[in-house]
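Top line first, the protein sequences correspond to chains A and B.
Taken in order, the first sequence gives residues 0 to 466; the numbers are from numbering that gives the first Met the number 0.
Taken in order, the second sequence gives residues 0 to 466; the numbers are from numbering that gives the first Met the number 0.
You may find that some hints are simply not true.
Cross-link-like lysine-lysine pairs, in silico, BS3-like; alpha carbons within 27 Å at most [as the list claims (entries may be wrong)]: (1) K336(B) to K298(B); (2) K298(B) to K156(A); (3) K126(A) to K156(A); (4) K11(B) to K156(A); (5) K125(A) to K156(B); (6) K63(B) to K11(B).
Computed, partial: chain B to chain A, Cβ under 10 Å [unchecked claim]: (7) T179; (8) E218; (9) T220; (10) R314; (11) M337; (12) D341; (13) P345; (14) G364; (15) I366; (16) R409; (17) Q427; (18) E430; (19) A444.
One side of the interface only, derived from the structure: several residues of chain B facing chain A at Cβ under 8 Å [unchecked claim]: (20) K13; (21) L15; (22) D18; (23) L60; (24) L195; (25) A350; (26) G418; (27) I421; (28) Q424; (29) K425; (30) Q429; (31) H436; (32) I441.
Keep in mind that the hints were calculated from the coordinates and are not lab data.
Here the structure is a predicted model, which means the values were calculated and not measured.
We treat Cβ as the ideally placed atom computed from N, Cα and C, and that holds for glycine.
Number of protein chains: 2
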Amino acid sequence: MMTADRKTLEEKLKELLGDGRVSLNETVRALHGRDESYHAERLPDLVVFPETAQEVSEIVLLAKETGIPVIPFGLGSSLEGHVIPYSGGITIDFSLMNQVLEVRESDFLVRVQPGVTRSQLNKELKKYGLFFSVDPGADATLGGMAATNASGTTSVKYGVMRDQVRDLEVVLADGSIIHTGSLAAKSASGLHLNGLFVGSEGTLGCFTELTLRVYGISEETAAARASFPTVDAAVEAVVSILQAGIPIARVELVDEPSMEQVNRHSGTGYPVRPTLFLEFHGNSAGLRQDIGFCEEIVKEHGCERIDFETETEGRNVLWEARHNLAYAFIHGHPGRKMMVTDVCVPISELAGAVHHAREAVDRLGLIGGITGHVGDGNFHIILMIDLNNPEEVGKADQLNEAIVSYALDRSGTCTGEHGVGIGKQKYQEQEHGPAIHAMRAIKQALDPENIMNPGKVIDFKQEGSEK
Amino acid sequence: MMTADRKTLEEKLKELLGDGRVSLNETVRALHGRDESYHAERLPDLVVFPETAQEVSEIVLLAKETGIPVIPFGLGSSLEGHVIPYSGGITIDFSLMNQVLEVRESDFLVRVQPGVTRSQLNKELKKYGLFFSVDPGADATLGGMAATNASGTTSVKYGVMRDQVRDLEVVLADGSIIHTGSLAAKSASGLHLNGLFVGSEGTLGCFTELTLRVYGISEETAAARASFPTVDAAVEAVVSILQAGIPIARVELVDEPSMEQVNRHSGTGYPVRPTLFLEFHGNSAGLRQDIGFCEEIVKEHGCERIDFETETEGRNVLWEARHNLAYAFIHGHPGRKMMVTDVCVPISELAGAVHHAREAVDRLGLIGGITGHVGDGNFHIILMIDLNNPEEVGKADQLNEAIVSYALDRSGTCTGEHGVGIGKQKYQEQEHGPAIHAMRAIKQALDPENIMNPGKVIDFKQEGSEK
Numbered sequence: 000m001m002t003a004d005r006k007t008l009e010e011k012l013k014e015l016l017g018d019g020r021v022s023l024n025e026t027v028r029a030l031h032g033r034d035e036s037y038h039a040e041r042l043p044d045l046v047v048f049p050e051t052a053q054e055v056s057e058i059v060l061l062a063k064e065t066g067i068p069v070i071p072f073g074l075g076s077s078l079e080g081h082v083i084p085y086s087g088g089i090t091i092d093f094s095l096m097n098q099v100l101e102v103r104e105s106d107f108l109v110r111v112q113p114g115v116t117r118s119q120l121n122k123e124l125k126k127y128g129l130f131f132s133v134d135p136g137a138d139a140t141l142g143g144m145a146a147t148n149a150s151g152t153t154s155v156k157y158g159v160m161r162d163q164v165r166d167l168e169v170v171l172a173d174g175s176i177i178h179t180g181s182l183a184a185k186s187a188s189g190l191h192l193n194g195l196f197v198g199s200e201g202t203l204g205c206f207t208e209l210t211l212r213v214y215g216i217s218e219e220t221a222a223a224r225a226s227f228p229t230v231d232a233a234v235e236a237v238v239s240i241l242q243a244g245i246p247i248a249r250v251e252l253v254d255e256p257s258m259e260q261v262n263r264h265s266g267t268g269y270p271v272r273p274t275l276f277l278e279f280h281g282n283s284a285g286l287r288q289d290i291g292f293c294e295e296i297v298k299e300h301g302c303e304r305i306d307f308e309t310e311t312e313g314r315n316v317l318w319e320a321r322h323n324l325a326y327a328f329i330h331g332h333p334g335r336k337m338m339v340t341d342v343c344v345p346i347s348e349l350a351g352a353v354h355h356a357r358e359a360v361d362r363l364g365l366i367g368g369i370t371g372h373v374g375d376g377n378f379h380i381i382l383m384i385d386l387n388n389p390e391e392v393g394k395a396d397q398l399n400e401a402i403v404s405y406a407l408d409r410s411g412t413c414t415g416e417h418g419v420g421i422g423k424q425k426y427q428e429q430e431h432g433p434a435i436h437a438m439r440a441i442k443q444a445l446d447p448e449n450i451m452n453p454g455k456v457i458d459f460k461q462e463g464s465e466k
Numbered sequence: 000m001m002t003a004d005r006k007t008l009e010e011k012l013k014e015l016l017g018d019g020r021v022s023l024n025e026t027v028r029a030l031h032g033r034d035e036s037y038h039a040e041r042l043p044d045l046v047v048f049p050e051t052a053q054e055v056s057e058i059v060l061l062a063k064e065t066g067i068p069v070i071p072f073g074l075g076s077s078l079e080g081h082v083i084p085y086s087g088g089i090t091i092d093f094s095l096m097n098q099v100l101e102v103r104e105s106d107f108l109v110r111v112q113p114g115v116t117r118s119q120l121n122k123e124l125k126k127y128g129l130f131f132s133v134d135p136g137a138d139a140t141l142g143g144m145a146a147t148n149a150s151g152t153t154s155v156k157y158g159v160m161r162d163q164v165r166d167l168e169v170v171l172a173d174g175s176i177i178h179t180g181s182l183a184a185k186s187a188s189g190l191h192l193n194g195l196f197v198g199s200e201g202t203l204g205c206f207t208e209l210t211l212r213v214y215g216i217s218e219e220t221a222a223a224r225a226s227f228p229t230v231d232a233a234v235e236a237v238v239s240i241l242q243a244g245i246p247i248a249r250v251e252l253v254d255e256p257s258m259e260q261v262n263r264h265s266g267t268g269y270p271v272r273p274t275l276f277l278e279f280h281g282n283s284a285g286l287r288q289d290i291g292f293c294e295e296i297v298k299e300h301g302c303e304r305i306d307f308e309t310e311t312e313g314r315n316v317l318w319e320a321r322h323n324l325a326y327a328f329i330h331g332h333p334g335r336k337m338m339v340t341d342v343c344v345p346i347s348e349l350a351g352a353v354h355h356a357r358e359a360v361d362r363l364g365l366i367g368g369i370t371g372h373v374g375d376g377n378f379h380i381i382l383m384i385d386l387n388n389p390e391e392v393g394k395a396d397q398l399n400e401a402i403v404s405y406a407l408d409r410s411g412t413c414t415g416e417h418g419v420g421i422g423k424q425k426y427q428e429q430e431h432g433p434a435i436h437a438m439r440a441i442k443q444a445l446d447p448e449n450i451m452n453p454g455k456v457i458d459f460k461q462e463g464s465e466k
């Protein structure tokens with residue numbers, strides 16, 4: 000952006016928001032020029048801190064007038080460069096819109112502003128005996144989680160972010176403020192915008208309010224760790240548990256190299272074996288029967304040892320250890336950056352996919368552990384890369400491509416939960432085929448000037464033009 | 000359509016499909032000129048019977064060339080005029096595309112053609128110990144159920160049609176054949192087209208293949224009938240059951256006038272009282288605990304009598320009776336047509352909404368019963384109308400408007416599961432506000448010539464034009 004333009008825009012934004020909520024400060028901009036990934040940084044021209052949907056609408060209209068991008072920003076915990084403003088522009092930081100607006104206890108609904116974090120919401124909900132189910136590990140904002148269709152450990156039972164969104168208030172590229180849903184548990188009215196906007200990564204609009212589904216905390220919860228001789232055996236046990244129809248609440252795979260990192264980082268003494276971390280929610284009688292059945296199944300698959308945690312404290316230690324795995328890898332490998340693969344395959348293809356992934360990592364001589372939300376067929380290779388070593392970076396790229404190709408060849412997806420951002424763009428045509436033209440047509444219809452987080456999800460250049 | 004045009008189109012279609020699969024026969028056209036609703040009939044110009052997606056694509060291209068509409072048709076069991084070709088055109092009947100193509104047992108997925116019916120699919124799935132959860136009552140086709148986002152009695156536990164669709168093969172208005180999803184249980188790749196196309200009522204494209212989620216038949220099933228002194232007491236019991244976190248599989252309300260019809264039509268001797276029909280799925284121990292808890296709750300709400308059906312036969316009688324309720328009303332009132340309201344409200348507003356509905360029916364002196372999928376906040380008034388009595392028709396319209404206004408004032412929806420068709424169009428702006436512009440923009444982007452089932456869902460005239 001030209002300096003003169005920036006000056007005018009800055010003045011107009013300050014008129015709108017006051018001096019204190021418009022920043023050109025280098026440090027503030029730097030904080031908004033990266034996420035938690037290995038993707039290169041790029042600073043926004045300005046950062047603004049709106050407090051209302053109306054302000055967001057006016058910011059978008061100013062951006063539209065000036066023809067520069069707007070990039071919605073939660074906490075920057077995304078993993079594929081979603082919030083990095085590679086075409087410059089205005090970053091809209093939602094940290095001042097962080098109120099839990101309403102808990103509708105008997106409707107199992109909560110209305111929140113986009114800057115509310117997952118843990119903040121759960122703290123509030125606990126007072127009502129309720130919880131919000133989606134748990135991607137990071138304490139992300141709910142606006143960001145909706146924008147990327149986050150999921151994580153609990154989606155095998157409760158579903159992904161898209162399944163929890165009952166309504167969104169969205170500021171569109173023309174400044175209009177719309178609602179994508181209602182408070183009804185189901186609807187067959189109009190075209191379904193909720194699902195389309197969830198996962199749109201800021202490319203269709205900015206979320207200014209979310210109405211989300213919440214759940215009652217179950218009567219009983221039990222967690223377990225089960226160690227297996229091989230990753231294959233662990234994965235096959237998961238498939239059998241699902242086929243038995245046991246409504247498991249979480250089932251996470253952690254391979255041997257990852258278990259080492261877990262023990263080192265969290266001070267636990269868990270067996271260094273391919274391990275399933277499991278959780279069950281239900282009534283006391285049903286839970287006992289589920290657990291008994293599950294124990295039989297894992298033993299049939301060669302489970303060497305299963306340890307239960309029925310007390311809250313033990314469960315918390317177990318899940319903390321699992322959740323801190325990414326940070327364990329980061330702290331264990333100073334100077335290296337994390338690169339994470341994220342494919343999801345049909346569950347019948349999971350054992351083969353994990354096997355293929357392990358072989359590929361070993362063959363390329365990379366440092367990496369495999370972990371995953373295996374109940375959904377979604378797994379990650381956490382790679383620790385020396386970005387100053389071009390050969391290693393090349394190998395990591397090669398690995399990612401091999402993993403993605405394997406998944407796409409089996410009707411899977413290149414990203415189960417991290418989203419596209421810029422990192423998964425190159426696979427969009429391969430995955431979606433001619434459907435990509437429909438996606439581009441929708442983007443162009445809703446954002447004809449391409450100002451909403453441009454260059455993310457898919458290459459939204461106008462079809463047939465070089466714009 | 001001009002006679003000469005029709006002649007040319009007919010010839011081209013016969014060239015494509017052969018004489019036997021293109022019909023101008025009056026009787027065949029009449030069968031495709033109505034649905035199960037009270038909406039006025041209108042015959043299509045031609046009816047075609049394709050066997051492949053490629054043929055559907057070529058039919059759409061011929062329609063595009065000629066500039067005439069295409070209307071996808073399953074079995075005509077819709078309730079808001081969805082398949083009635085008010086602008087004429089080609090009706091695409093999917094009855095020859097009725098194969099279950101693949102059962103992916105360990106992925107809990109099934110791939111079907113759009114003309115497969117719900118009961119046909121369940122018959123096939125039973126061999127694998129699996130079932131398809133969505134049950135709208137009518138034995139509709141799966142293509143039609145996806146087009147209208149059908150739901151019904153089981154969605155309180157398993158979700159609506161949209162929740163079951165993993166992938167659709169769709170022929171778009173430009174003849175291209177796309178896939179809207181993949182076989183992965185979750186994905187954060189691309190824009191989410193699955194959810195957008197489900198419920199689009201043929202206005203965005205024709206479905207030529209569906210990949211659907213299926214479930215394992217649960218270890219145990221139990222059903223119950225619970226009679227209450229008032230509708231309010233029954234509804235309040237449902238709210239309490241949900242708040243207790245009991246994972247109920249079905250919970251249906253049937254009011255007194257409807258219970259009379261049930262007994263008369265099905266030869267049952269159930270108490271003529273406001274009644275809840277309940278079903279529980281689970282493991283044996285969990286089920287016993289759920290049922291015990293449920294029994295306590297309904298008694299706290301004044302339940303006069305609860306009868307359990309644990310045997311398959313008794314359960315079948317119970318659900319047959321419930322499902323045949325609409326037909327019971329029809330057979331009980333010869334010469335009258337059925338008109339059904341279909342609002343859905345937040346569960347906290349349900350008791351008030353049902354109360355308001357009963358009062359309005361009585362005040363207007365109409366014949367009608369209230370029934371509903373009350374676990375979702377969705378209820379119907381089944382009205383039996385004498386279409387030759389303009390005053391009565393006027394009163395029915397007045398009632399429908401009052402019911403819809405009540406729901407929309409409480410952030411509900413004008414249609415929980417029947418869809419918009421033409422019957423609910425007049426409420427679209429009131430329900431969706433400025434979001435309707437986004438819906439129109441999407442329709443225009445994907446079907447610029449407005450040939451896909453035009454005039455349905457919302458008035459898709461181009462914005463700002465009189466076209």
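So, going through the hints one by one against the coordinates:
About 38 Å separates the Cα atoms of K336(B) and K298(B), which puts this hinted pair outside 27 Å; it is violated. The hinted pair formed by K298(B) and K156(A) fails the criterion: a straight-line CA distance of about 31 Å is larger than 27 Å. Of the supplied pair hints, the one linking K126(A) and K156(A) holds, its CA atoms being roughly 23 Å apart against a limit of 27 Å. Annotation: proposed proximity of K11(B) to K156(A) is violated, straight-line Cα distance about 51 Å (limit 27 Å).
Distance restraint check for K125(A) and K156(B): the Cα-Cα separation of roughly 23 Å lies within the 27 Å cut-off, and the hinted pair is therefore satisfied. Distance restraint check for K63(B) and K11(B): the Cα-Cα separation of roughly 13 Å lies within the 27 Å cut-off, and the hinted pair is therefore satisfied. The interface hint given for T179(B) is met, as the beta carbon of that residue sits about 6 Å from the closest beta carbon of chain A, less than 10 Å. Taking 10 Å as the C-beta contact cut-off toward chain A, the hint placing E218(B) at the interface holds, the least distance being around 7 Å.
Checking T220(B) against chain A by beta carbon gives a least distance of about 12 Å; that is not within 10 Å, so the hint is violated. Below 10 Å, beta-carbon pairs count as interface contacts, and R314(B) has none with chain A, the closest being about 19 Å; its hint is therefore violated. Checking M337(B) against chain A by beta carbon gives a least distance of about 18 Å; that is not within 10 Å, so the hint is violated. The beta carbon of D341(B) is positioned within 10 Å of a beta carbon in chain A (closest approach about 8 Å), and the interface hint is therefore held.
Annotation: interface hint on P345(B) holds; nearest CB of chain A at approximately 4 Å, less than 10 Å. The interface hint given for G364(B) is broken, as the beta carbon of that residue sits about 29 Å from the closest beta carbon of chain A, more than 10 Å. For the restraint placing I366(B) at the interface with chain A, the shortest Cβ-Cβ distance is roughly 26 Å, beyond the 10 Å limit, so the hint is violated. Among the interface hints, the one on R409(B) holds; its C-beta lies about 8 Å from the nearest C-beta in chain A, closer than the 10 Å criterion.
Evaluation of the Q427(B) hint against chain A yields a held restraint, the C-beta minimum of about 6 Å falling below 10 Å. Of the supplied interface hints, the one on E430(B) holds, with its beta-carbon coming within about 6 Å of a beta-carbon of chain A, less than 10 Å. For A444(B), the shortest C-beta to C-beta distance to chain A is roughly 4 Å, which falls under 10 Å, so the interface hint holds. Of the supplied interface hints, the one on K13(B) is violated, with its beta-carbon coming no nearer than about 28 Å to a beta-carbon of chain A, more than 8 Å.
The interface hint given for L15(B) is broken, as the beta carbon of that residue sits about 21 Å from the closest beta carbon of chain A, more than 8 Å. Interface hint status for D18(B): violated, as the beta-carbon distance to the closest one in chain A is roughly 32 Å, over 8 Å. The beta carbon of L60(B) comes no nearer than 15 Å to any beta carbon in chain A, farther than 8 Å, and the hint placing it at the interface is violated. Nearest Cβ of chain A to the Cβ of L195(B): about 5 Å, under the 8 Å cut. The hint holds.
Restraint check, A350(B) versus chain A: the minimum CB separation of about 11 Å is more than 8 Å; hint violated. Because the smallest distance between the Cβ of G418(B) and any Cβ of chain A comes to about 4 Å, under 8 Å, the interface hint for this residue holds. Residue-level restraint check for I421(B) is violated (minimum Cβ-Cβ distance to chain A is 13 Å; threshold 8 Å). A hinted interface residue such as Q424(B) counts as satisfied when its beta carbon comes closer than 8 Å to some beta carbon of chain A; here the least separation is about 10 Å, so the hint is violated.
A cut of 8 Å between beta carbons decides the hint on K425(B): the least distance to chain A is about 12 Å, and the hint is violated. The beta carbon of Q429(B) is not positioned within 8 Å of any beta carbon in chain A (closest approach about 10 Å), and the interface hint is therefore violated. At about 7 Å, the closest approach between the beta carbon of H436(B) and any beta carbon in chain A falls short of 8 Å, and the interface hint on this residue holds. Annotation: interface hint on I441(B) holds; nearest CB of chain A at approximately 6 Å, less than 8 Å.
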